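If you read the protein sequences in the order shown, they are chains A and B.
When we follow the numbering used here, the leftmost residue of the first sequence carries the number 1, and every step to the right adds one.
When we follow the numbering used here, the leftmost residue of the second sequence carries the number 1, and every step to the right adds one.
Rather than coming from a laboratory, the hints here were simulated on the basis of the structure.
Only true hints are included.
From the structure, some residues in chain A lie toward chain B, with a derived Cβ separation under 7 Å:
id, residue
1, 133
2, 134
3, 161
4, 248
5, 330
Here chain B is said to cover these stretches of chain A; the calculated rule only asks that three of the stretch's residues, wherever they fall, bring their Cβ under 8 Å from a Cβ of chain B:
id, stretch
6, 120 to 127
7, 280 to 294
Keep in mind it's a predicted model, so treat the numbers as computed, not measured.
Cβ atoms here follow ideal geometry from the backbone N, Cα and C, with glycine treated the same way.
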Amino acid sequence: MKTILQNFYNTFLIDIEKCSTPEQVRDIEVKYLGKKSEIHSMLKNIGSIENVKEKKDVGKAINSTKNDIQRIINERKELVERKSIERRILENHIDWSMPVFSSSEGSLHPITIVRREIESIFTGMGFTIVDGPEMETEYYNFEALNIPEFHPARDMQDTFHLVNSMIMRTHTSNCQARSMEYMKPPLRIISPGKCFRYEAVDASHETAFYQIEGLLIDEKITIANLIAVMKLFLSEIFKSDIKVRLRPGYFPFVEPGFELDINCLICGGIGCKTCKNSGWLELLPCGMVHPNVLRYGKIDPEKYNGFAFGLGLTRLVMMKFGIPDIRLLNSGDIRFLKQFK
Amino acid sequence: MKISLKWLDDFVKVSDIDPKEIFNLLTMKTAETEGIYEKKDYYSDIITARILKAIKIDNKHYKCVVKADKEYNVISGAPNTKEGLITLFVKPGGYLNKTKIAEKSFAGEVSSGMLLSGKEAGINNDFSKLFELTENFEVGLDISSICDYDDSIIEIDNKSLTHRPDLWGIYGFAREIAAIFKRPLKNYDIIDSSFSESLPEFPIEIKDSKLCYRYIGVCIKNVKIMQSPLNIQVRLFHTGHSPKNNIIDLTNYVMTEIGQPLHAFDKNYIEKIVVDTLKEETIFTTLDKIKRNLPKNTLMIWNNEKPIAVAGIMGGEDSEISDATDSVFLESATFDANHVRKSTVLMGIRTESSSRFEKFLDPVNAMTGALRFIYLLKKINPESHLTHKITDLNFNPFIKNVIHTNYSFIKGFIGENIDNCTIKSILESLEFEIKEDSDNLTITAPSFRSTKDISIKEDIVEEVSRIYGFDNITPILPFQKMAVPLKNKINETDNIIKDMLTYSFSMNETDSHPWYDNKFNRKILYKPLNPVEFINPISNDNTYLRTSMLPKMLQFAFENLKIFDSFSLYEIGHLFSKGKEDKVLSIIIVDKKTKKGDEEQFFRMKSIIQNLASRLNLNEIEFSDTLKHQILNPSISTEIISDKESLGYMGALHPQIYSQLDKKANIFYCEINMNLFYKSVRNETFKMFSIYPQTLLDFSILKPKEEFYSDFYAKVSSFNHPLIKTIKVTSVYEGENINSGYQSITFRFNVGSNKRTLSAEDLTDFQDKFISHLEKINYKLR
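In isolation and in its complexed conformation, chain A is listed as follows (with noise of 0.2 Å):
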């Protein structure tokens, strides 16, 4: 008996070193252990056996070996179960190098690309973004600007006439008068837009361009406030301090009137050819609301005061991307396009 159970368990021994797969695992398993298996008609035996002791050793023995192996069955089903596995991460070994093909990207355009980040400043800092019409009354434009017919300034803006008597608007500070109409001091208001000058385009000069007007009002504004909050603005848009400097620029609705430049970013302020070598890059014109302007949007200029800059955003995003030509944004090209997220 004890020789047979021996050769039973040294057969399985063979058997099951051979076995692979959880399949042939479980095909031993039924083959060793199943109920038509040496071992169960083995138990089922027993019972012939007269000699209690025997019948005893005999039953233990049975027992013990099956308990072998079903121990072994089990270390085999999961060692064969884990092998299993593993093969089947490593046959299925990805290449990640291999290339992707994804769909076409989409694109915003530069402007709005600048013009968010730049909206987000100034509404970060409680201004009301407002709009206004790019066909636009002398009044608006001109008139209630403190720039009354005839006056030379309006050549400086060379203007696009329209026959239904309307011009298109040569800046986008016909915003100040339309929003002093409804809005009450203190006012923070920006108003970013297309304007058109009638002028001769090159790399730098475009007849259609986007600016961004600006406006506070309130008691007891400074020329020192309006340089900070410029300096403010820039530094957040340039991410880093940037050099300005202010001088006199004339604009008939403003009254002390100013350019304000920044260190040419080409060159860092040595002097190139964007600058004209002179260093300094004109990027805001801006100034104190001249108390007319006031008095045309119906707001008291001996209680108020304020200022106003008109941020030229076309330049702007030029010198952000490095765009050489001014014409590129209005090409339509997609070769340009898709180059903005």
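Fit chain B to the supplied structure of chain A, relying on the hints for placement.
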């Protein structure tokens, strides 16, 4: 405006200051400077010389021996080459306008150096002959030792002088420099006019003193027309003039120096001056020999009944100074700025004189101008003398402006604590008169700042702050009451749409000019309907504002098709009509040509629009039969409707336009008024969803193909049942297993209750009821 620093030095000492510093400080405190021209960087080694010998070597050229610092052999081709002539000579190795003059062989003869015309020497524009030195200069002197040749010229941007009539002369800049550098300002010499009081008046009549504020006439006899002294020519040439003769040069000299335009007439043509407007359109020949059509009401200077000059703009040909002139009538006047400006616009010309008059010149300066001219002429033509009293008709409407303010206001407005005496000395250096009463100030502006520039207390703030230096002001952020900025829904909506089109639908945003390209419109057979026309279009091809963005987007598409096969572009832009401006969203999609491409694009666009509408929580957008849009295919188009109003359209490009393209493509266009999107409202209430399981029930229904889908859908979806949560159409199928002439439309009902789990009976009941609904409306299940 060109500023000669040598000339400036007549009035304020600048010879010890680096021109670059003047250049920078003028920009920072007065007006924008554009560049510095250093004469010595362009010219060198020019000296006075006498021709000792001149031998003709061919019909044009002379071989000369010239005495300069030593003797030179030079070839000259100038017609006035002759022995004894004193002229200018550049030594070999010297520079003329940055070009090095080397020894040169000419017809077998060596020429060392070169004899110079006025143009070659950089003194005037005459290159017809050698420059003749008439003032007895010694031979061999460097030119810079006998005149202001070695000068630095600062160029000022005229646009930055628009509001400063006082800066249209060098003396105005001298005053600024004196204030900036705290240096004394010297006066200029004028003639004492008292001697002329006894002479007779000259007849002058001003018909409209609102257009001519002052007219001063001076009659001068015994004038000798000649070349101006060397230094006057040099100064004029350096400041942008072309020297001609002493009289014309002196009018320019005085104008450049003190900003007062003068006009000299040949006195022989003048009997009585009348200043009056034209009563009718008149043809008049100006001294540039151009016949001009002058509009009615143009202010003219008349000799009795004959117009002789356009007031403040240009003289006439007849009364021009000529070599034969021996007596001169000098006009020094002030004309209404707006009138002069209007006339220059109507005539289409601008002159040095008109650009000054249109800035509101100070009439006080007119007398100064006349007296300065006489003073300078006497020095050149000592024998010249006045035949009449200096006749002055003065209707000066301007008074010196008086401004009442106080130190506290000035400091408060600037935001910097500047001391009172600094404020006072700045203003006084600019010739303001100050009266103090503790904090209060009574400030009288000088006459030359009172015509336009200075009238309110903010103007005083500007004067103080610019000379004080804007850079010396400490920036301080304003204290402001906290307030939430108003929301701008339009801006927010634009941004949402742009983000979706860019990031969800892979489109490229474009930006375009708002006018049509007529040439392209003709090419695509597009005819704008009632567009607004420009009075002054930028070109003959851009005469109208756009009423649709379609042509521009198509143009972009055509251009990009040269490189790409398929792409989508969009832009939010403005459209214009007579009384209205609309903002629209314009989308163009372009794909490789396929058989069903148009249709595929149509439904893609429809889906994009529905996506946008759903993102913005808009009410259902509807579509309707097309109103037929130019260059779109009427069979593959639709109107886009919201609240029963057509707010847009979309359609495939008309087949006839495809012939314009080299490449085969499907092009689809959509244009929607942004007002449609601005109607959006945010959904702000939460509705509890059902926590009980829901069942999806699909029904495929046969629809006759010719039946309009929306009619069919309306009928089917009119089915009413309390358990319906949502209805969705999930597929449209035709083909195998479907009778031809029919389509199978699959409806998916989401069925459920908020109160319980549905039973099998509920579902059977639902199915039965729906099927009987279908029977009622005459449809069958597939």
